[in-house]
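Protein chains in written order, with my numbering: chain A, 1 to 404; chain S, 405 to 636; chain Y, 637 to 853; chain D, 854 to 1138.
These aren't lab readings, by the way, just hints derived from the structure by calculation.
Owing to the predicted nature of the structure, the values given are computational and were not obtained by experimental measurement.
Treat each hint with caution, since some may be false.
As the list claims (entries may be wrong) - Derived CB-CB ranges, DEER-like: (1) A:178 - S:554: 49 to 55 Å; (2) S:511 - Y:740: 25 to 31 Å; (3) S:498 - A:118: 34 to 40 Å; (4) D:970 - Y:727: 46 to 52 Å.
Stated by the list, open to error - One side only, chain Y facing chain A, incomplete, derived with CB under 7 Å: (5) 667; (6) 728; (7) 754; (8) 826; (9) 836.
Claimed, not checked - Sample of chain A residues at the chain Y side, in silico, Cβ under 7 Å: (10) 144; (11) 147; (12) 191.
Where a beta carbon is used, it is the ideal one built from N, C-alpha and C, also for glycine.
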Amino acid sequence: MTQKLLTGVLLVFTFAAVSIAQEADISGQAVDSLPPPTVAPPSEATAKDTPNDAGSSITITWKRSPDDLARVSGFIGYDISRGTSPEGPFEKIGDVPAGTVDDPELKAYLDNNTVDGTGYFYLVEAKAKGAVSGAVTSMAVTSSQAWFNFGLINMFIATVFMISAILYYISSAKAGKKLYIRKIAGLEAVDEAVGRATEMGKKIFFIPGTQDMDNVQTIAGLTILGRVSRLTAEYEARIDVPVSRSLVMITAREVVKEAYLSAGRPDAYTDDMVYYLTDDQFGYAAGIDGLIVRQKPATIFYQGAFYAESLILAETGNSIGAIQIAGTAMPAQLPFFVAACDYTLIGEELFAASAYLSHEPKLLGSLKGQDLGKIVIIAALIIGFLIQALGIYNFASLFRVAGG
Amino acid sequence: MSVFGIWVGAVLTLGILSFLYKDNPFYKMSEAIFLGISAGYWFVSLFWQNLVPKLFDNLGITKLLGLNEEDGAIQAIFVHGEYDERIWYFIAGILGIMMLLRLVPKIGWISRWPLAFVVGTTAGVYLTRYLASNAVAQINNSLKDFIVIGQPDFISWTNFNYLLIIIGVTTGLTYFYFSKEHKGITGGAAKIGIYFLMITFGASFGYTVMSRMSLLIGRLDFLYSDWLRLIP
Amino acid sequence: MKRGIPLIIAGVVGTVLVIQYFIPHTPFGVLNDVFSDWFSIIQATAIWLGALNLIKVSGDKVYKRKRDWQFSLVVILCFLLMVIVGFFFSGGRRFLDPGTPFSLLYDYVYSPLVAMMFALLAFFVGSASYRAFRARNKEATVLLIAAFVVMLGRVPLGDALTGWLPDWLHLSVISNWIMNVPNLAGQRAIMIGIALGIVSTSLRLILGIERSYLGGE
Amino acid sequence: MASEKTKAFLLKMIGIDRRIIFIFVFIALSVPMFISIDMNIPTSPEVEMLVETMEKLPDGAKVLVSLDYDPSSEPELQPMAETFLIYAMRRNFKIIVIGLWPQGAIQAERAKAVAEEHEGKEFVYGENYINLGFQSGNELVIQRMGSSIPAAFPRDYFGRPVDEFPIMQGVKNFSNIDYVFNLSAGYPGTIEWVLFAVDKFGATLGAGNTAVQAPMIYPYLGKQLKGLAGGMKGGAELEILTSLEGRAVKYMVGQTFAHAVIVLFIIIANIAYFATRDSKKGGVL
């Protein structure tokens, strides 16, 4: 009973208040107590097909609402809606928070869910407490797939340059030009290491790392295995290749077989020289450790991609007094090999090893191509440093790789 | 953890640990278990995690076998008459079978085809990706933060460090230079480069010591707390 | 057939993947992902060959009663145990869910073995530093000092030793500087060298100049 | 000059059996576990920044915890996970756990059990704690979360739809998350969280890393990354600053001993090497 009465009284008062307010409005006087909430809209909303991508994406940009720039309290952010005609209907697809002091005047949103070929309009609405106002993009925009990623133009030039440099030196080496290659200590020692194993009548172990054939270091390691096993065939030493990946096992067998064949000792080859232990990193390390202490090889090669097992293997090898020659392009594992092995091929030297050991002009030519790459990079760093430091040009930006 | 499980774990742990003293039957046992179990683990994992979802599901073989409800390419094409791009995974299946043909000595050479595919893929992917992230992007990283002349911090510790990094990178690269003897200017630069590389090796080694020690602490904690219950 | 076609396959696939890097358009854009799936499939079939080899080598030892043949028998039995449990008794593709027999073997047998093997590194780090860090010549001395500073700088001991010095001479500060400046420079030089080496190796593989992985005729 | 006797001893030291070194390492790590030593662990600015940011969060804040590691990094990162969950429980944070590594979700459940035992009470699942499990896709998962968290993780670790739970009400993307805490042992990890969640979606991020990983993270500290705890030392500092001293502080004693032993060995080896240099030619390096 009382409740109804109260509601009635309230209603009357509300009516009165509203009509007073309306009168006030008509008379053109502002009302201090009840300003209707408003928000300034964003401006210059534009949409365009996101460039250099595989389609299905449109980028929307707009100038921030003046309220956002002025950091008016109660300003929330922006809602992005999408439709296929400028009149709507629009469907909300996402939101963007209000900007901060440091943000630029333009804001952007990436719509990653478009159908290529369909024309879209976008509505960008500024949102504040109780108020919304928006701007619509003026033209229908369609997304499409690009045939060339212009963001990668610097990479394209770099790739073409490197490939041509290497090809040039390969062809000039083929034509009979003499190429000088400096000594690489670890590789000079290969002969001696294989020879020592032969003299002692002990085995040689070759460990091609713990990664599979989808790592180029493993492949580089296996090309070195080719040269090493050729030597063992010539010296009539025995080589064991325990591996941790089945594909590596298959490849290593091809490699060793070919080496024995070309050394003229095909009958000395058996498949048992290459055997699989386990795919597991540490299971493999446990297995190799066992093999090392039981068979006491005179020489151990570690060539390929290694992780934490590097030191476990190299220290065990060291404990039985084997000559150890390691090579890897895993920067984090290099210190351990350097500490525990007699010789270590550092990074790039791993990839140069097969060319170096083969003495084939074509392969040596490719090393010369790498060296040209080095000169260019050193020059870029020195010149770039001067240009950058003197504030002439933002040289570094030439080398920014889009998309990481 | 059940008590039995802890005992199994502790015994195997001690088996591996005993290797430090010398090779012994206890270690040989742990090693044999490790080899068998881990090889089996990867064998099973690759089957369920690679072969089944990537080959059998995509083609629809799992549905034919009644292991899965979802349609694959086979159902899409032969039941619904729609082209399904997953049918291309058929080639991967063939490449896999070619691999297994190694077991037949006469035609074992055909396994070189999938091998060549793998090597080609690896070479193609690595060429551009490494050139981008390890070479081109590193030039950008070495240059980008340098404070420009005229700004208040131009002569500062920060800029000195950036300069030092550029010296280190260029001289370090000279060390890797193959087609010239390390004499004269090249030799001098390479010599400085070697010092940078030596610092790198020493520092990385020293840095890793800490986490390697923590690993052992973790194992000892397991032995003393969970197994022997010496530590509350 | 034995060598020619594989060389063509490697060359074509490699070239396409190099080009693919620059082309977002289908089918190039997705080629990398698709091929990496294909690699997984080839890898998952190839492991059958590895497993058979493991059984063959171990089986040989058992059959011929070679030295330590008992342990080879354990290898085979453990392998079969894991495979049978994983294929038939652990809920198919949800084989790693908590509580399945497979995951119990994983937790109680496999995990402790991995963890302990990994932890052996602590000991080897000790013995390696004892042997390797000697001030034999100038280069080795530099390596030694860098390792020394960083090793001490990472534990409270380092700052306790240098606490009386001005802030910038604290071992932790110096060790951070070593990590962020000379170490970074050295790492970068190594990384750039590796990139060039990889470009050249990949190119040799794509061109078929490096072909030892294919074996002979 | 050293007498013949000391020289002989030093020669012996050079060729010392590695097993003696092993024993010393073992003792150095074992003994501190049984005795309690009060060690003064100075705190570093990066961990102080981490804790300050956590302190500034309101009680009951929504926090996303991403555990991106596996059991092999457990000794370094698990204590941090436990400390954070205990701290979160005290502050009544609402915790949403995910993993970019497959084992992350399991590690979270283990840390949760420890936190609950420590505090003597339990998280109410679905109200102030939820485990969304693992999704494959590395940084793409973060990208997907940027547009919609429920779409990136439609079901929780135990297979139930996430929108059933009150904790997920109103959680759409990073704008509904007050703070992201990431523990990382490599890729994908803190770098990806910085590049995508922070740079792209404006999240506030704090992180813990393994000692091996931490140096690569330093460059992001400050604007992009609000604090970093590196390795066991970082973990210990985190415990000290949150007044929740536990495992990491305890482990830190052993860690310090071990480093001291190794440093001592290097010194001994070098003294022995120099004193006997003329009688023995260089070593292995």
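Close enough to count: is the Cβ of residue 191 of chain A nearer than 7 Å to one in chain Y?
It is violated, given that the least Cβ distance between residue 191 of chain A and chain Y is near 19 Å, above 7 Å.
Hey, does the residue 728 of chain Y contact hint survive, CB to chain A under 7 Å?
Not OK, violated: residue 728 of chain Y not within 7 Å of chain A, min 21 Å.
Taking the closest Cβ pair, is residue 754 of chain Y under 7 Å from chain A?
Where the cut-off is 7 Å and the nearest Cβ of chain A is about 6 Å from residue 754 of chain Y, the hint holds.
Cut-off 7 Å, beta-carbon criterion: hint that residue 826 of chain Y touches chain A
holds, 4 Å
With a cut-off of 7 Å on the beta carbons, see whether residue 144 of chain A makes it to chain Y.
violated, 9 Å
Could you check if residue 667 of chain Y really has its C-beta closer than 7 Å to a C-beta on chain A?
violated, 11 Å
Given residue 836 of chain Y was flagged as interface, is its beta-carbon under 7 Å from a beta-carbon of chain A?
holds, 5 Å
The hint names residue 147 of chain A as touching chain Y; please verify it with the least Cβ-Cβ distance against 7 Å.
Constraint on residue 147 of chain A satisfied, holds at 5 Å.
Verify the CB-CB distance for residue 498 of chain S and residue 118 of chain A against the hinted window 34 to 40 Å.
holds, 38 Å
Is it true that residue 511 of chain S and residue 740 of chain Y lie within 25 to 31 Å of each other by Cβ?
violated, 42 Å
Determine whether the Cβ-Cβ distance between residue 970 of chain D and residue 727 of chain Y falls within the hinted range of 46 to 52 Å.
violated, 30 Å
The hint says 49 to 55 Å between residue 178 of chain A and residue 554 of chain S; measuring C-beta to C-beta, is that right?
Between residue 178 of chain A and residue 554 of chain S, where Cβ atoms are some 50 Å apart, the hint holds.
In summary, the numbered hints that this structure violates are 2, 4, 5, 6, 10 and 12.
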